[in-house]
Amino acid sequence: MPCSKLDWLESESAMVGHANSSDAFSFISKGWREVRDSADADLRLIKARANSFKNLATSFDREIENFFNSATTFYVPAIGSGSSPPAEIEFVKNLQLKISADRRVYASPSFSKKMLEKLKPRTRIRINLSSIKNAIVSEVEDGNGLRKWNRVRFGEFWGENESEEGKDVRVWEPIQALKTRLREFEMFEGFKNSDFVKKVKSSLRSICKDPEDSKEVLPLDVSELIACLVRKSGPFLDQIGISRGIASVLQSTGYCYDGGFWTDHTKPVPSDGKRHFAIVTTASLPWMTGTAVNPLFRAAYLAQSAKHNVTLLVPWLSMSDQKLVYLSPLTFSSPEEQEVYIRKWLEERIGFKPDFKISFYPGKFSKKRRSILPAGDTSQFVPSKDADIAILEEPEHLNWYHHGRRWTDKFNLVVGVVHTNYLEYIKREKNGAVQAFLVKHINNWVIRAHCHKVLRLSAATQDLPKSVICNVHGVNPKFLKIGDKVEEDRKLGNVAFSKGAYFLGKMVWAKGFRELIDLLAKHKHDLDGFNLDVFGNGEDADEVQSAAKKLELNVNFLSGRDHADDSSHGYKVFINPSVSDVLCTATAEALAMGKFVVCADHPSNDFFRSFRNCSTYKSSDDFIAKVKEALENEPLPLTPEERYNLSWEAATERFLEYSDLNKVLNNDRELESNGTDGKTISKSILTSSLTKAVDGGLAFAHYCITGNEFLRLCTGAIPGTRNYDEEHCKELHLSPQVENPIHTC
Numbered sequence: 001m002p003c004s005k006l007d008w009l010e011s012e013s014a015m016v017g018h019a020n021s022s023d024a025f026s027f028i029s030k031g032w033r034e035v036r037d038s039a040d041a042d043l044r045l046i047k048a049r050a051n052s053f054k055n056l057a058t059s060f061d062r063e064i065e066n067f068f069n070s071a072t073t074f075y076v077p078a079i080g081s082g083s084s085p086p087a088e089i090e091f092v093k094n095l096q097l098k099i100s101a102d103r104r105v106y107a108s109p110s111f112s113k114k115m116l117e118k119l120k121p122r123t124r125i126r127i128n129l130s131s132i133k134n135a136i137v138s139e140v141e142d143g144n145g146l147r148k149w150n151r152v153r154f155g156e157f158w159g160e161n162e163s164e165e166g167k168d169v170r171v172w173e174p175i176q177a178l179k180t181r182l183r184e185f186e187m188f189e190g191f192k193n194s195d196f197v198k199k200v201k202s203s204l205r206s207i208c209k210d211p212e213d214s215k216e217v218l219p220l221d222v223s224e225l226i227a228c229l230v231r232k233s234g235p236f237l238d239q240i241g242i243s244r245g246i247a248s249v250l251q252s253t254g255y256c257y258d259g260g261f262w263t264d265h266t267k268p269v270p271s272d273g274k275r276h277f278a279i280v281t282t283a284s285l286p287w288m289t290g291t292a293v294n295p296l297f298r299a300a301y302l303a304q305s306a307k308h309n310v311t312l313l314v315p316w317l318s319m320s321d322q323k324l325v326y327l328s329p330l331t332f333s334s335p336e337e338q339e340v341y342i343r344k345w346l347e348e349r350i351g352f353k354p355d356f357k358i359s360f361y362p363g364k365f366s367k368k369r370r371s372i373l374p375a376g377d378t379s380q381f382v383p384s385k386d387a388d389i390a391i392l393e394e395p396e397h398l399n400w401y402h403h404g405r406r407w408t409d410k411f412n413l414v415v416g417v418v419h420t421n422y423l424e425y426i427k428r429e430k431n432g433a434v435q436a437f438l439v440k441h442i443n444n445w446v447i448r449a450h451c452h453k454v455l456r457l458s459a460a461t462q463d464l465p466k467s468v469i470c471n472v473h474g475v476n477p478k479f480l481k482i483g484d485k486v487e488e489d490r491k492l493g494n495v496a497f498s499k500g501a502y503f504l505g506k507m508v509w510a511k512g513f514r515e516l517i518d519l520l521a522k523h524k525h526d527l528d529g530f531n532l533d534v535f536g537n538g539e540d541a542d543e544v545q546s547a548a549k550k551l552e553l554n555v556n557f558l559s560g561r562d563h564a565d566d567s568s569h570g571y572k573v574f575i576n577p578s579v580s581d582v583l584c585t586a587t588a589e590a591l592a593m594g595k596f597v598v599c600a601d602h603p604s605n606d607f608f609r610s611f612r613n614c615s616t617y618k619s620s621d622d623f624i625a626k627v628k629e630a631l632e633n634e635p636l637p638l639t640p641e642e643r644y645n646l647s648w649e650a651a652t653e654r655f656l657e658y659s660d661l662n663k664v665l666n667n668d669r670e671l672e673s674n675g676t677d678g679k680t681i682s683k684s685i686l687t688s689s690l691t692k693a694v695d696g697g698l699a700f701a702h703y704c705i706t707g708n709e710f711l712r713l714c715t716g717a718i719p720g721t722r723n724y725d726e727e728h729c730k731e732l733h734l735s736p737q738v739e740n741p742i743h744t745c
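Under full-length UniProt numbering, the first residue of the sequence shown carries the number 1, and numbering increases by one thereafter.
Honestly, I wouldn't trust all of these hints.
To be verified - Okay, derived cross-link-like pairs now, DSS-like style, lysine-lysine, Cα gap no bigger than 30 Å in a straight line:
1. Lys466 - Lys663
2. Lys663 - Lys307
3. Lys478 - Lys440
4. Lys481 - Lys385
5. Lys478 - Lys307
6. Lys344 - Lys730
7. Lys385 - Lys663
8. Lys692 - Lys466
What the hints assert, rightly or not - Just the calculated beta-carbon pair ranges, DEER-fashion:
9. Glu347 - Glu653: 15 to 25 Å
10. Ala521 - Ile442: 50 to 60 Å
11. Gln545 - Asn662: 43 to 53 Å
12. Thr691 - Lys522: 48 to 58 Å
13. Ser498 - Glu641: 39 to 49 Å
14. Glu709 - Gly351: 44 to 54 Å
In short, the hints are calculated from the structure, not lab data.
Note that this is a predicted model, so its numbers are computed, not measured.
Every residue gets a Cβ at the ideal spot worked out from N, C-alpha and C, and that includes glycine.
Please construct the entire structure, taking both the sequences and the accompanying hints into account.
Printed below as a string of structure tokens:
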């Protein structure tokens, strides 16, 4: 339970102390009447059932009597024979006599009187409410003769101090009887010392305004008490034949749901006036992918202004997964070792030492999806005191199987940045149309449940709720420096580009290699003397190279390398035929280095259309014309505006503007200048009440579904990723997760 709940209990306890005691006793009296009426109704039901049994017994007697009569008349002895009745008939007669004797006993008035005495209601208990009052509070007089109420401590009321020497503790008789019954109940092994009993007592202590007595075990809220009670009642439910469906659901979904349909909490901002940014992404260096590189630069440039505290949360992979994802021999034995590598790589490229924190969450690599999926609740790796503004890089990816606290419940503002066009990749698979339809609606679902605002890098992505289109990515400053050097060489009269065209990217069919092979094969004879160098590694490398060799294409395949490597500086034209990208980072890097870019007329390239060195083609014939034109001419130098638009400084400004963070931060400054406390964000201004209710319902439904392991596996989750495993516990120094905890903070 969060600390705020304890504060609430203390404040509630203080308020109860000033309330009128008569109201409390009237409430107890009303509750007792309801219990009494319920007991009377139960007794009436028992009597009705007893009468039904009596009627059944009477009908059974009639059947027995008919049976005996038929048996007596059935036997007809032969005339003149001296034979005796068969033994069977004698047995029936003896049985008839025995049953007749029993019937007389049970039908006697004395037996009925005894049964009715046992079933009739007891004498109604008369409760003297003043005794209850005296058991809880005692009226005493102070030194001035004024009367006041002296509160009895919970321990005294419960009788926990009876064994203290020299202390006469008088316990009200009904309470003493209740304690006796509870002691008998506690004879069951393990029940007295169970977590449930401790937490129930702790909750009662908090009600009785003894917060100092309840520090060891946090009190449960109502939902947690019910959940625990259902689990503990398993054997009893089995005995009485009641289905344990509720208990099964609680067990399969793990700990209690923290969110709500209309949750509208406000989170405090640190006292130093800085806002906390938590950037959560789905990949990490040394995996050279967009979701590893771009969030790293975003964290550095957000923290550069020294106005914000920034934490970058990246996945940690076990050694077996590292060997599948990272380039050998780049593996890490500890998160600290990987953090050193990440910081060194970043500082070499940005030219300054950024001040932000790097944290790790457990992740597992999915070979089928070729991506990293979180293990456990990722949101718990951001401390509550830092839960201010969350930036979810690939929010749909992070939340497909997220089973934990709702992001919008924990953070004041949650902004998602969509990097990948998943629908385009899925459509290329078997039964891709059906899968894409399902994934499309799942993405809409998780975005509504977990984000306040979503930024799409281009119109090539799925049209998601709460989204706007804006490129919030920049290029590594190193590429801009390479472009500056090219311009200096041109001014000195040196040859800036000595090579022709090239393509660089992960070698999988979906990354544009299918389109590239088709274009070159169709116009093989139209590009006489044209040679294309291709850099890349990937799962489909063998197939791509085999296809190019079979078609006798003039393509030279080279191993993958950093785009800023010296070997790529001399190329003049970068060709990118991909239509699956959202926003190709390599295209932006090529423009920053002063090269020509030939790319498809596709929404993913809308941002680059305004650059003079970018040419887009609409058909295969147009592709040939654009390539020839680029090879025959020299690129133009970048204008100051083009250069700035490619930088991370401009990308950070666009991010703050389109995510509405500028409004939030400026509003804080205005409130502070007016002398108003501007350190909270009211979530009520972000969405309407109805929309929030619907989104909360979607979040709750998603939470229930992702809590069931069978449903997780059916939708493609990695087995055992609802919680992190023992290997992650050792490597990240985490406490082992309880499979079915009855209380969470």
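Going through the hints against the structure:
1. A distance of roughly 17 Å separates the Cα atoms of Lys466 and Lys663; the hinted pair therefore holds under the 30 Å criterion.
2. Simply put, Lys663 and Lys307 have alpha-carbon atoms about 15 Å apart, close enough for the 30 Å limit, and the pair holds.
3. Proposed proximity of Lys478 and Lys440 is contradicted: the alpha carbons are some 37 Å apart, above 30 Å.
4. Under the criterion of a C-alpha separation no larger than 30 Å, the hint pairing Lys481 with Lys385 is inconsistent with the structure, at around 40 Å.
5. Straight-line distance between C-alpha atoms of Lys478 and Lys307 comes to about 25 Å, which keeps the hinted pair within the 30 Å bound.
6. With a CA separation close to 26 Å, the supplied pair Lys344 and Lys730 stays within the 30 Å bound.
7. For the suggested pair Lys385 and Lys663, the alpha carbons sit about 22 Å apart, so the restraint of at most 30 Å is met.
8. Note on Lys692 and Lys466: the hinted pairing holds, with a Cα-Cα distance of about 12 Å set against a maximum of 30 Å.
9. With their beta carbons about 23 Å apart, Glu347 and Glu653 fall inside the hinted range of 15 to 25 Å.
10. Hint check: Ala521 to Ile442, Cβ distance near 37 Å, so the stated range 50 to 60 Å is violated.
11. A hinted range of 43 to 53 Å for the beta carbons of Gln545 and Asn662 is consistent with their spacing of about 48 Å.
12. A C-beta distance of roughly 49 Å is found between Thr691 and Lys522, which places it inside the suggested range of 48 to 58 Å.
13. Against the hinted window of 39 to 49 Å, the Cβ-Cβ separation of Ser498 and Glu641 comes to about 29 Å, which falls outside the hint.
14. At roughly 48 Å, the beta carbons of Glu709 and Gly351 sit within the given window of 44 to 54 Å.
Violated hints, in rising order: 3, 4, 10 and 13; the structure is consistent with all others.
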